[in-house]
Amino acid sequence: MLSKIIKSVFGSRNDRLIRSYTARANEISKMEKALIGLSDVDLRAKTVYLKSKLNEGASLDSLLVEAFAVCREASKRVLDMRHFDVQLIGGMALFDGKISEMRTGEGKTLVATLPAYLAALTGKGVHIVTVNDYLAKRDAEWMGRIYEFLGLSVGVTVSGMTQEEKAISYASDVTYGTNNEYGFDYLRDNMVTEKEQKVQQELNFAIVDEVDSILIDEARTPLIISGQADDQIDLYKKLDDIPGKLDKQDEEEGEGDYFVDEKGRQINLSDSGFEKAERLLEEKDLLKKGESLYDATNIGLLHHLIASLKAHNLFEKDQHYVVQNNNVIIVDEFTGRLMPGRRWSEGIHQAIEAKEDVQIEPENQTLASITFQNYFRMYKKLAGMTGTADTEAFEFKQIYDLETLIVPTHKEMVRKDHQDQIYRTVEEKFEAVVSDIQARHKIGQPVLVGTTSIENSEKLSKCLREENIEHQVLNAKHHEKEAEIIAQAGSPGVVTIATNMAGRGTDIVLGGSIKHIINKIEEENLSDVDRKKKIDNVVLDWRKQHQKVIEAGGLHIVGTERHESRRIDNQLRGRSGRQGDPGSSRFYLAMDDSLLRIFAGEKMKAIMDKLGVPRGEAIEAGMVSRSIESAQRKVENRNFDIRKQLLEFDNVANEQRKILYQQRNEVLESGSLSDLIGSLRRGTIEATVRNFIPQESIEEQWDLPPLEQELKKYSLEMNLKEMVENKEELGEEDLLEEVCKTADEKYKEKLKIVGDSIFHSFEKAVVLQTIDIGWREHLAALDHLRQGIHLRGYAQKDPKQEYKREAFQLFESFLESVRNEVTSILMNVEVEQAEQIAGEMQENLENRKNTNLKFDYSNQESELSGDKGRLTETVGFQENCPFKAEGRKVGRNELCDLSGKKYKHCCGRLT
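The numbering used here applies: residue 109 is where the sequence shown begins, and numbers increase by one.
If you are wondering where the hints come from, they were derived from the structure by calculation, not from laboratory data. One or more hints might be untrue.
Subject to a maximum C-alpha distance of 20 angstroms in a straight line, what follows is the list of computed SDA-like cross-link-like pairs (lysine to any residue) [said to hold, decoys possible]: (1) LYS835 / TYR855; (2) LYS742 / MET699; (3) LYS623 / LYS652; (4) LYS505 / GLU816; (5) LYS353 / LEU401; (6) LYS570 / GLN580; (7) LYS854 / GLN904; (8) LYS463 / ASP349; (9) LYS505 / ASN122; (10) LYS425 / LEU401; (11) LYS384 / GLY372.
Computed Cβ-Cβ distance ranges for the label pairs, DEER-style [stated by the list, open to error]: (12) LYS232 / ASP148: 24 to 30 angstroms; (13) TRP250 / ASP349: 50 to 56 angstroms; (14) GLY552 / LYS345: 26 to 32 angstroms; (15) ALA795 / TRP250: 29 to 35 angstroms.
For each residue, glycine too, the CB sits at the ideal point set by N, CA and C.
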């Protein structure tokens, strides 16, 4: 009650922020008058002046008004684009680490230049994050002119660049790139063997464009760098015909061998299904007679069988993937774009390749991974922009601590959003869609049709061809023409079919875009007078076209199916009505649509039956729309729970990752590892000795013969029995010191032969390689632990707590194995001359370079809820990637976050 009274008197939190930002926007506008009279040289000098103010102790916030005014004036001169006041408000929200929700067409790309310019004055770098390479390159070139005019450097990081090119890009004041590339560069930086190979610098400030797409839609999809695992191609081929021999159940408790849970995207085998599958596997010599799929040795076989069943039941051709040039290529479920080179994990991709009878590529083993959630939370400051964030404001705040500000539009939004129309069947729905398009096409109104799959876009395209309606299809199969097609989607009478939100990032201008026409004229060999005349004629023609479209009602949006997220529907609607333009939208639905069938099917059917709706007629009522929105909210809540659960599990691995990468960086930065190697050697020997000589024990309790054998593993030939007999009062601590002393002396002999500098380089190579191999195995162990941890619930144990406890035990084991392996290698290496060590180092480096690594974009929903596996991007190994360890160094006597033990007895053991 009190909150309502406060809101009615003072306005909402959003209103109060807008008022505060508007006051500062007015200050910026006042300062603009003083800047107009400056020459270009004097305006550029403002950057030097602002930097000097920073060096004198001024805060960035105190310089905001002047910096924004300078950036606005530079934009006017360079791009002939002046930031509107609402864009200034959006920029201030970004600088304050918030999400600016700005409608489509409000100029988010230009908005980012304001906070980026201000933050770049510190020299610590600003990362602007886009959803694809095309937008990263476009924005870096387009907006980069503003930064360069003001004396700042601009870089872009995209796939395929060399280490040197990336290093230059990251050293720039402002860097543009994709979320995938930033994440992969971070992981690769933590796999390099020399600090000079790192490219990414401090994670200072990130501005994420289309923040909802990257931090919400893709939050469940960890980035993974992987190498090739064991070859099991024949297994996939043999398993492929088994799904066809098993009977699918219509209901979970019905008759049959397996049930397909579409909501959870899981396959549940019945008891009879298990028995039948075991018989079929025996016939194919994949399972020994009398063995069970439940046997520990056959868990992998069961895993691959389930993958094959998923491939045949949950993954549809031309919806989830396409087959091109004998390859299975994934279709992005949110944008409809093809993702060549990326692969689902956990055997899903191989099972689909077997199903489609194309070449089967081997599975991969994870070498390094991180989720977008944990990567972007490492930035000191994070901000984002999108046209649709309000529906996810709670998640942004809870997961990322990002507040959402709804920025007013520059002009009032006048688009008409009509009620949904619901039909009984898909056929009736498509008839209505074609009829609507036909009517709009006749009066010259442009239409943008949104579909949810390639299959539906091609089905609708066929219907339109039958009616002789010209149209363009924009889906995963034609993404190379994406920007060009979308740019012309606002031309009179043009009909464009787009799969999901393909083309996002390119504005639809009413009357069509003339930018490419003007660019061609600029390139022609014409006099200035002729060029201007030709351009003026083009602009005049465009104005006529523009007016014609406005009179026809602006861009009309047709949705052929509701997405499981309201936000995606709003994105489609948002393509119309930009900058106060007229427009309209309507969604056409059918009872057979996935969302209605899975989440609201029975309720909707009851309504249709009760109303007695005849064929070809639709229901159009607020009650129905509310029912659909309720179904969407159910899905959104479920997806939020999945993302939250993924984060809770990944936080455990993330803490371990940060500790490991910090220690790895210390190894890279260190000139000499003598202290570290000595500490590891002593730790290994002490643990070995304590296995046979307990602390505070007496001589009669010592087991010396097996200890002598164990020490031989570290090239230590010692007669401990004789040593004990020859020395009076030799306690267990004294004996330990004798063994450690012998080991130290033996190690120093190697240093004398080879020389300190060469051997120290060899030490570093051994430590790094041992860490990397051990980390790879540790990640695999964590994966296996996570996949089966839910079973602990049956023992009345909390799976999350059990995962945390066991993951820590695995991490302790990993650190111990690194310590022992490093000691073993360095103690056993035999050297006679320096060239031997140099040769081994070179061979080691070549092996690392030639490793066939893959950069994966993985959907770990598969591990938590069975959904869609991992996506993989195959690239040759590059010696580049980045991360500067964040935060303070942990004291050795402080308590570790993971275990509660002192750091030196836990994760600090390595150092």
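Ascending list of hint numbers which this structure does not respect: 1, 4, 7, 10, 11, 14, 15
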